[in-house]
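Construct the complete structure from the given sequences, taking the supplied hints into account.
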Amino acid sequence: MMESARDIEGNNTTFDSMMSNSGLGGDRKSRHTKDKQAIISSASSSSVPTSFLLSVIGRIESAQIFGVDDVYCKYNLAFGNDWTITSGMEEGISQITMKDDDGNFVWNFPLEVTFKSCNPHGWPQLVISVYGSDFLGNHVARGYGSVYLPTCHGSYVKTIPLFVPESSSFLQKISAWLMGRQPEFVDPKLLAQSEGRQVVRVQSNGYVVVKFEVVMKDIKKLGFLTSSKTITENYE
Amino acid sequence: MAELYIIGQLQSGKLVNSQNGLFCKWSIQAGSNWKRVSGPKEGQTQVDTPKYTDTAQWAHPIDLHFVTKGLQGWPKLILEVYRQDEFGRSDLSGYGVCHIPATPGTHIIEVPTWRPAGSVREEVVRHFVGGSSELSEPDLIVNPTERYRLRTVPSGTVSVELSVILRNFDKFGVET
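If you're matching them up, the sequences are chains D and X in order. Going by the UniProt record's numbering, the first residue of the first sequence is number 1, and it counts up by one from there. Going by the UniProt record's numbering, the first residue of the second sequence is number 1, and it counts up by one from there.
Possibly wrong hints are sitting among the right ones.
[Said to hold, decoys possible] Each computed DSSO-like pair below joins lysine-lysine, with the alpha-carbon atoms no more than 27 Å apart:
id, chain 1, residue 1, chain 2, residue 2
1, D, Lys220, D, Lys116
2, X, Lys51, D, Lys189
3, D, Lys221, X, Lys171
4, D, Lys221, X, Lys69
Read the hints as simulated data drawn from the structure, not as lab findings. Only a predicted model underlies this, so the values are computations on that prediction, with no experimental measurement involved.
Okay, here's the thing in structure tokens:
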């Protein structure tokens, strides 16, 4: 929350400084017309927005994964064609953490991203992949999970189940054990797709806790109803 | 035309006393007024054999966009849960159906599932060997007029999280 507040403040100061610069440069009249134009343009843009913004700030807080020692996590954001990222990182990698006495892994890894879109179809998904090293020092996949970013403003705590893919045959299971190469997804974004999932065999082995704060702009002006008051009250 | 966006996940399935892998075939059915603009309307999840819990995790994304001219035939989610044993054989574990919520927002839906009960002999065979009775016409899952002919056994629950976004319904005077 602090971060976003600072961001907004930062934008304000640059805007102010721009205004004062233009004031210094030109005479009063030109500044006045400029202001007027700015007001008009902002007014017209606010009445007919063409796209909405979805801003998500959050933390990948912690995880419980059974039978694993030290792990790091990687996040990817998967979204449809109508969506673009206006600020923030599309993917990130956390530190390697060990577990505490209760078996918790703590990453406390910040996540800040703003999307722009005109169509809710292809709503962004957060795909989390957890890797660790086995006793030979090879990096192996320890869990994958995915979740849709919330479609309504508010703060959320999401518990995302994790699972690892399994070898497709007994023979491959043995060779995977011997070679120390466990199966993993070549592209974790596969998890954000509905097609092709029927051929995947997995074993679920833990979960990740992620906290989100979601802010949206102009989605109501575009006519999209994302919440009804009673429902959000119940949901909270 | 009014628009309906369905965004969410087929999250997990929980079965009464089973050590097997579970997967789910899903489809979304809507009346003739409804037109699907984008997104797949059916699919099949991964097979999860949970290691430490009794809940199979699917995390299967659903993202659909409908436009409609009328309210009749509001979309339904139809679920067919199958179990898969260690030899890779799969048989029916349960059927379920639920309506897509009509209020905008995020909904967590627990769908109870059922399967047709076989004769005593069939149930004993199912317990030891596997292979369960299935509906010959999957239409029976959604058809309320033919259900009375069935005898069923409860078989677990499926958990679905759906976010519903509506657009332009209020323009036609429809309150949601």
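Outcome of the hint check:
1. A C-alpha spacing of about 14 Å is found between Lys220(D) and Lys116(D), which places the hinted pair at or below 27 Å, so the restraint holds.
2. For the given pair, Lys51(X) sits about 24 Å from Lys189(D) by alpha-carbon distance, which is consistent with the 27 Å threshold.
3. With a CA separation close to 14 Å, the supplied pair Lys221(D) and Lys171(X) stays within the 27 Å bound.
4. Note on Lys221(D) and Lys69(X): the hinted pairing holds, with a Cα-Cα distance of about 22 Å set against a maximum of 27 Å.
Hint compliance for this structure: every hint is met.
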